[in-house]
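Given the structure of chain A, go ahead and fit chain B onto it with the hints provided.
If you read the sequences in order, they're chains A and B.
Residue numbers for the first sequence follow this note's numbering, so the first one is 102 and each next one is one higher.
Residue numbers for the second sequence follow this note's numbering, so the first one is 102 and each next one is one higher.
Simulated from the structure, these hints should not be mistaken for lab results.
A couple of the hints might just be wrong.
The list treats identical chains as one, so a pair stands whether inside a single copy or across any two.
[Stated by the list, open to error] Below 35 Å or equal to it, Euclidean Cα-Cα: the simulated DSBU-like pairs (lysine-lysine) are:
(1) Lys260 x Lys420
(2) Lys375 x Lys420
(3) Lys370 x Lys412
(4) Lys333 x Lys420
(5) Lys370 x Lys389
(6) Lys412 x Lys385
(7) Lys389 x Lys420
(8) Lys258 x Lys412
(9) Lys260 x Lys412
(10) Lys385 x Lys283
(11) Lys420 x Lys385
(12) Lys389 x Lys285
(13) Lys412 x Lys333
(14) Lys412 x Lys375
(15) Lys333 x Lys370
(16) Lys333 x Lys285
There are 2 protein chains.
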Amino acid sequence: MILFRLSSAVSLGTMKSIFYSRFFILLPWILIVIIVIDIDTKRSSVRNTASFYFSRLGNVQQRQDARTTRTSSVSSSSRAGSNITSPPVIFAITPTYSRAVQKAELTRLANTFRQVPQFHWIVVEDSNSHTELVSRFLARSGLRYTHLNVFTPRRFKRKGMPRATEQRNAALGWLRGHRTSKDKGVVFFADDDNTYSLELFEEMRSTRRVAVWPVGLVGGRRYERPLVENGKVVGWYTGWRADRPFAIDMAGFAVNLQVILSNPRAMFKRRGAKPGMQESDFLKQITKVEDLEPKARNCTQVLVWHTRTEKVILGNEPKRQQDSLYIEV
Amino acid sequence: MILFRLSSAVSLGTMKSIFYSRFFILLPWILIVIIVIDIDTKRSSVRNTASFYFSRLGNVQQRQDARTTRTSSVSSSSRAGSNITSPPVIFAITPTYSRAVQKAELTRLANTFRQVPQFHWIVVEDSNSHTELVSRFLARSGLRYTHLNVFTPRRFKRKGMPRATEQRNAALGWLRGHRTSKDKGVVFFADDDNTYSLELFEEMRSTRRVAVWPVGLVGGRRYERPLVENGKVVGWYTGWRADRPFAIDMAGFAVNLQVILSNPRAMFKRRGAKPGMQESDFLKQITKVEDLEPKARNCTQVLVWHTRTEKVILGNEPKRQQDSLYIEV
Numbered sequence: 102m103i104l105f106r107l108s109s110a111v112s113l114g115t116m117k118s119i120f121y122s123r124f125f126i127l128l129p130w131i132l133i134v135i136i137v138i139d140i141d142t143k144r145s146s147v148r149n150t151a152s153f154y155f156s157r158l159g160n161v162q163q164r165q166d167a168r169t170t171r172t173s174s175v176s177s178s179s180r181a182g183s184n185i186t187s188p189p190v191i192f193a194i195t196p197t198y199s200r201a202v203q204k205a206e207l208t209r210l211a212n213t214f215r216q217v218p219q220f221h222w223i224v225v226e227d228s229n230s231h232t233e234l235v236s237r238f239l240a241r242s243g244l245r246y247t248h249l250n251v252f253t254p255r256r257f258k259r260k261g262m263p264r265a266t267e268q269r270n271a272a273l274g275w276l277r278g279h280r281t282s283k284d285k286g287v288v289f290f291a292d293d294d295n296t297y298s299l300e301l302f303e304e305m306r307s308t309r310r311v312a313v314w315p316v317g318l319v320g321g322r323r324y325e326r327p328l329v330e331n332g333k334v335v336g337w338y339t340g341w342r343a344d345r346p347f348a349i350d351m352a353g354f355a356v357n358l359q360v361i362l363s364n365p366r367a368m369f370k371r372r373g374a375k376p377g378m379q380e381s382d383f384l385k386q387i388t389k390v391e392d393l394e395p396k397a398r399n400c401t402q403v404l405v406w407h408t409r410t411e412k413v414i415l416g417n418e419p420k421r422q423q424d425s426l427y428i429e430v
Numbered sequence: 102m103i104l105f106r107l108s109s110a111v112s113l114g115t116m117k118s119i120f121y122s123r124f125f126i127l128l129p130w131i132l133i134v135i136i137v138i139d140i141d142t143k144r145s146s147v148r149n150t151a152s153f154y155f156s157r158l159g160n161v162q163q164r165q166d167a168r169t170t171r172t173s174s175v176s177s178s179s180r181a182g183s184n185i186t187s188p189p190v191i192f193a194i195t196p197t198y199s200r201a202v203q204k205a206e207l208t209r210l211a212n213t214f215r216q217v218p219q220f221h222w223i224v225v226e227d228s229n230s231h232t233e234l235v236s237r238f239l240a241r242s243g244l245r246y247t248h249l250n251v252f253t254p255r256r257f258k259r260k261g262m263p264r265a266t267e268q269r270n271a272a273l274g275w276l277r278g279h280r281t282s283k284d285k286g287v288v289f290f291a292d293d294d295n296t297y298s299l300e301l302f303e304e305m306r307s308t309r310r311v312a313v314w315p316v317g318l319v320g321g322r323r324y325e326r327p328l329v330e331n332g333k334v335v336g337w338y339t340g341w342r343a344d345r346p347f348a349i350d351m352a353g354f355a356v357n358l359q360v361i362l363s364n365p366r367a368m369f370k371r372r373g374a375k376p377g378m379q380e381s382d383f384l385k386q387i388t389k390v391e392d393l394e395p396k397a398r399n400c401t402q403v404l405v406w407h408t409r410t411e412k413v414i415l416g417n418e419p420k421r422q423q424d425s426l427y428i429e430v
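Next comes chain A alone, as it looks inside the complex (with noise of 0.2 Å):
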């Protein structure tokens, strides 16, 4: 419509005139056309490259998340909303107490978990207050985390008592308290000694109720493991009470945040508790051996290892303060 209205404005034009005035309209509309697609295909060229490496970057970006999520006054909803599109967190609940190595485990478990994307530490000391050597290093971590404390009663402190019940039980209250049905996430026991590989993290991060898998270097043997077929759990190779229900170790499931949260009352028990018993005890709260859901390749990967670190001999420490300074080992 354009040309036809200027074509006919220089009709008594000649036809030089004609062709050149339409030359110059068409020119500019052609070359816009041309640079608009030519945007456009950049753009999204630019738009894939960027999540390319923003899907690189899942653990960086997480710990400029920790910044502003440290604590657990993120509002519920803006959590819901993230975990719409966002993988399901793995909260991670680690008793640990004042010991010579206690800062050497946390720093390597530290560089481990600085690694996996989604990552919640929950750090629960077994003591009446926080010491300031979790809270430094916590803070300094780069970890999104969070920090509790409860004291166990020296009378529990005895050899053949269960560990850590307290601790694990006082993180689990916390996710009851701070978490919802809206939240996705899956819980995992995370001792201070074990070693762990990252595969283990992407293995259980698609835990739907529990998941189970084999751990290194315990029970007296190399691995114990769950015996699957046809994809469920029909038993366990293990060198140690083969009787017991749920015949793993604390490094060796998983659970949905959902399962913890649905079930309430679900905990470790010290009344009449064994140790080696608690596994089993708390499992048999949430599930069945039937539903467990094998993962590590139908449970014949070994991704993480029941390592126990030497207890150190202080004997050549001098008595009193010999140093000039107090330094924090």
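Okay, now just chain B, sitting in the frame of chain A:
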């Protein structure tokens, strides 16, 4: 000029048509100018964003590099070229040997090292050939590495004998054969059961000749450390053999690559060496106490711990393979 020609061509038309024609000629050109300016702004902002993510991606990038520079086949010139701007590479020498906890130890080491930028792991097995376990592990580690092996004869594996002497010397030999005076680097002896904070590597990276710092949980004390006065090492805080010229653990020092290259005969000795004297024997070949560079805030921070992992007792391991398949631990 264009407008002039066209306006002369339409000189017989009405004022209205002249207005239209000029408008439709000018409009697209104006649009083009606006679009082009717009693109340029966006492009530069995209570039800035990308470089921002790149700068945070140090370790990931390095992992990508690793895939191409895994072997020593990289030409010396290309390495020297990149070194002009990049920080010195940290060469961590880790002797290792086959045992139940080996893969677990290597796993947590790799989890730490993966976060250290410009890092090159020299793993030396005490074996007659590369073991499958270590080869597979390193290939999947995402780290830049060199895999060596040298077998320590059984007669040297007695209590009271220094350990890993041959393995550390093999790594020094590799550096002398594959790095030149053009390469910037820092050499560190990273045993496979110690615990390393990430800060340690940033401290050692600026080593000009030989740097030292405290080590936690060593010598029967909470820590050992060099005593520093006016920026110089003047003695040692230690609970064990204070008469050692360098009363320091293997994890307590780093050496500039050029010092290793310019002292081609410096090595760890078996003949006449006592355990605990290896560090002193080595260091006195390349430096003097007064030339040591104190790191970690004048040797007042513990950034590395001499942790020891408990030997695993496999008392319940079946005598014959009982499981239906072989699982690597």
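Hint check results:
no.	hint	verdict
1	Lys260 x Lys420	both (28 Å within a copy, 29 Å between copies)
2	Lys375 x Lys420	between (38 Å within a copy, 28 Å between copies)
3	Lys370 x Lys412	both (27 Å within a copy, 30 Å between copies)
4	Lys333 x Lys420	between (58 Å within a copy, 28 Å between copies)
5	Lys370 x Lys389	within (18 Å within a copy, 59 Å between copies)
6	Lys412 x Lys385	both (33 Å within a copy, 32 Å between copies)
7	Lys389 x Lys420	between (54 Å within a copy, 32 Å between copies)
8	Lys258 x Lys412	both (17 Å within a copy, 24 Å between copies)
9	Lys260 x Lys412	both (16 Å within a copy, 20 Å between copies)
10	Lys385 x Lys283	within (25 Å within a copy, 64 Å between copies)
11	Lys420 x Lys385	between (49 Å within a copy, 32 Å between copies)
12	Lys389 x Lys285	within (22 Å within a copy, 59 Å between copies)
13	Lys412 x Lys333	between (39 Å within a copy, 34 Å between copies)
14	Lys412 x Lys375	both (23 Å within a copy, 25 Å between copies)
15	Lys333 x Lys370	within (28 Å within a copy, 56 Å between copies)
16	Lys333 x Lys285	within (24 Å within a copy, 55 Å between copies)
Of the numbered hints stated above, none is contradicted by the structure.
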